[in-house]
Amino acid sequence: MDNSTSLIIAYNQDRDPERLAMKYDAMRRNAYNFLRGSCHLFHARLPDDKALYRAPLAWTCGDMHVGNFGCYRGDNGLSYFDINDFDEATLAPCTWPVVRLLASILVAAADLGFDYSDALSVAHHTLDAYAIALARGGTRWVERDTSEGDIRTLFDNLRHRSHAGFLDNRTTRSGKHRKLVLDKDKALPASEKQRAKIEAFMAEFAASQPDPRSYKVLDLARRVSGLGSLGLERYVILVRGQGSPDDCALLDLKLARTSSLTPCLVTPEPRGHSEAERIVQAQSFMQAVPAATLHAVEFGRKSYVLRELQPTNDRINLNDSMKDPLRLAGLLQTMAEVLAWSQLRSSGRKSAACADELIEFGEKRKWRSRLLEVAQECARRVEHDWQAYANAYDAGEIAAALAQQGA
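Under our numbering, the first residue of the sequence shown carries the number 1, and numbering increases by one thereafter.
Note that these hints are calculated values from the structure, not bench results. Note that beta-carbon positions come from the ideal geometry of N, C-alpha and C, so glycine has one too. Be aware that a few hints might be false.
[Stated by the list, open to error] Calculated cross-link-like contacts (lysine-lysine; reagent style BS3-like; alpha-carbon spacing at most 27 Å):
(1) 197 to 184
(2) 186 to 216
(3) 179 to 193
(4) 216 to 197
[Unchecked claim] Simulated restraints, written as ranges between beta carbons of each label pair:
(5) 156 to 211: 27 to 37 Å
(6) 211 to 284: 16 to 26 Å
(7) 210 to 6: 45 to 55 Å
Using the sequences and the accompanying hints, generate a full structural model.
Written out as structure tokens, the structure is:
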């Protein structure tokens, strides 16, 4: 077995075998899925290059790629397009998320049959958009009225989706009662032990909230979502909400672990009370508007993030966007700007560089060409590691490792 594949097996060894098998299956399908599922490997293999390390420190979501953007509901009731996964968030050189974003563009483009020269041109445009937004020094946000293209289409789709319709997609209804739909795509049965643990926690959590009744648990299941975190302890919880069958709410409870970037950092990482607090704090630093429901919680000597469940169709369909280079360039320009705004918005927080340092860095041009070269190197490494992983998967070595883990 190749060393990179061995590192993947070791990193995922303490996860739920049933959902981990789904992750390994998805990573076998293409190199882009492999990149999404191996954030730890990507950062461990970053080249020792000054373009990556001689850059101002900024807050990063950690797992930056073209699929890590989407819509969420803010605490003001409005929807925004922003970075939306912060599990790996930490303080790192501001170039780290940029090089991973660029590498993900190149890897995804290759998987979708995109011409490499077009992909490289789009990546170059994305890099320039990031640097220009950083140099301007202002922070903006993306909402329906300021959006265009695929992002505007996403907002329009959300506008026509009712809460009751969303519930109908995830639950079954019998009279005044709802139950979660259990399937292999979104939710799996929870054990009696898991149910008892989560129900006890939610009762304790509800007691600390202004309206405890709205957090009464009606049903729960193990959640199937994402790729990098697939297999970690995670639940979808159906709660009473405002009371009627159409006013129930869905919550997402997810185990928080140490950021996979932590072993790769060369500067001290700001320490919080818990890993969940790190995630929630970074998200509050970086997003334009706080999420509607977002809590760092602890029980059973572990920390978890409790949030409002976000529908999977609140994200861009990359397959559609990749059909047209100009259409893709416009989408990625917005993503690059959102990334720059998040770094400026969180500047000066917990040892992050101040806005003036980021602006000065964005104004320089020398680092850009080298960073694009590094992104190409990283993309080639991802392709190579995926081929080694695919060979191990096809030879039955991944299945054997899973069987040994479940024994």
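Between residue 179 and residue 193, is the straight-line Cα distance small enough, at 27 Å or below? Distance ~19 Å between residue 179 and residue 193 Cα, so the pair holds.
Holds or violated: residue 186 with residue 216, Cα cutoff 27 Å? holds (22 Å)
Check the hint pairing residue 216 with residue 197 against an upper bound of 27 Å on the C-alpha distance. With a Cα-Cα distance of about 14 Å, the restraint between residue 216 and residue 197 holds, given a limit of 27 Å.
In this structure, is the beta-carbon distance linking residue 211 and residue 284 contained in 16 to 26 Å? holds (22 Å)
Confirm or reject the claim that residue 156 and residue 211 have a C-beta distance inside 27 to 37 Å. holds (32 Å)
Checking one constraint from the list: CA of residue 197 to CA of residue 184, max 27 Å. Satisfied? Holds, at roughly 23 Å.
Using the Cβ atoms, figure out if residue 210 sits within 45 to 55 Å of residue 6. Since residue 210 and residue 6 have Cβ atoms about 50 Å apart, the given range 45 to 55 Å holds.
When each numbered hint is compared with the structure, no violation occurs for any of them.
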